[in-house]
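Peer 1: Here are the chains, one letter per residue:
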Amino acid sequence: GAGVSQSPSNKVTEKGKDVELRCDPISGHTALYWYRQRLGQGLEFLIYFQGNSAPDKSGLPSDRFSAERTGESVSTLTIQRTQQEDSAVYLCASSLSRFSGNTIYFGEGSWLTVV
Amino acid sequence: DAKTTQPNSMESNEEEPVHLPCNHSTISGTDYIHWYRQLPSQGPEYVIHGLTSNVNNRMASLAIAEDRKSSTLILHRATLRDAAVYYCILSNAGNMLTFGGGTRLMVKP
Chain E
1 GAGVSQSPSN KVTEKGKDVE LRCDPISGHT ALYWYRQRLG QGLEFLIYFQ GNSAPDKSGL
61 PSDRFSAERT GESVSTLTIQ RTQQEDSAVY LCASSLSRFS GNTIYFGEGS WLTVV
Chain P
1 DAKTTQPNSM ESNEEEPVHL PCNHSTISGT DYIHWYRQLP SQGPEYVIHG LTSNVNNRMA
61 SLAIAEDRKS STLILHRATL RDAAVYYCIL SNAGNMLTFG GGTRLMVKP
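Each protein sequence line maps, in turn, to chains E and P.
Per this note's numbering, the very first residue in the first sequence carries number 1; after that it's consecutive.
Per this note's numbering, the very first residue in the second sequence carries number 1; after that it's consecutive.
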């Protein structure tokens, strides 16, 4: 299928270690989003990329969180010095463009557990 | 950001229609109304969206009030697989979706 692909599906890491989460958007989608969802809670917006424009990082919770995207392709979300409160599922999504009528497609998420 | 208000939970019987309400009294003229649902342990799934006119697709129908201050997602015949959290969301500039608490739909056999 040609959906949004995320890896790893599951990651268990020790407190203090760095983790990288990868997202492959749907081909041709210029807009890419990262969200976080803690267990039993709603989705929190983290960061948004649109083409070659500067990303909207307004949702990143601390400077331990960063994300990159090369052009309109793969994105990587990096969490440095992980803490237990970082345990959550990290969801990536993409859409054709930033037009508000476009459908946003979500991946299955990367489940992060910090022990 | 325009916000939406939904009931925390609803129950339905299998094979019966379900009407999920959403209030968005501060909607702006360019906001689209999106509905997504999230099944347990899965990412959100697109259901339907619209701007002003009612919309139908294979999953559901979306009825939008004339003043656009409210909308209703209609599942014509609920099945057990429709049990999920349903999110009503307004898309703002940049198409960033702000998720609220959603409505947890329970379907009884």
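A couple of the hints might just be wrong.
What the hints assert, rightly or not - Away from chain P, derived, C-beta distances all over 10 Å, residues of chain E:
| id | residue |
| --- | --- |
| 1 | Lys11 |
| 2 | Thr13 |
| 3 | Val19 |
| 4 | Thr78 |
| 5 | Tyr105 |
| 6 | Glu108 |
What the hints assert, rightly or not - Lysine-lysine pairs mimicking DSBU-like chemistry, simulated, CA-CA at most 35 Å apart:
| id | chain 1 | residue 1 | chain 2 | residue 2 |
| --- | --- | --- | --- | --- |
| 7 | E | Lys57 | P | Lys3 |
| 8 | P | Lys108 | E | Lys57 |
| 9 | E | Lys57 | E | Lys17 |
These aren't lab readings, by the way, just hints derived from the structure by calculation.
Predicted model, so just to flag it, every value in this text is computed and none were measured.
Virtual Cβ for every residue (Gly too), placed ideally from N, Cα, C.
Peer 1: Determine for every hint whether it applies to the structure shown.
Peer 2: Hint-by-hint comparison with the structure:
| no. | hint | verdict |
| --- | --- | --- |
| 1 | Lys11 | holds (15 Å) |
| 2 | Thr13 | holds (20 Å) |
| 3 | Val19 | holds (19 Å) |
| 4 | Thr78 | holds (20 Å) |
| 5 | Tyr105 | violated (7 Å) |
| 6 | Glu108 | violated (5 Å) |
| 7 | E:Lys57 to P:Lys3 | holds (21 Å) |
| 8 | P:Lys108 to E:Lys57 | violated (42 Å) |
| 9 | E:Lys57 to E:Lys17 | holds (22 Å) |
Going through the hint list in order, the structure does not satisfy hints 5, 6, 8.
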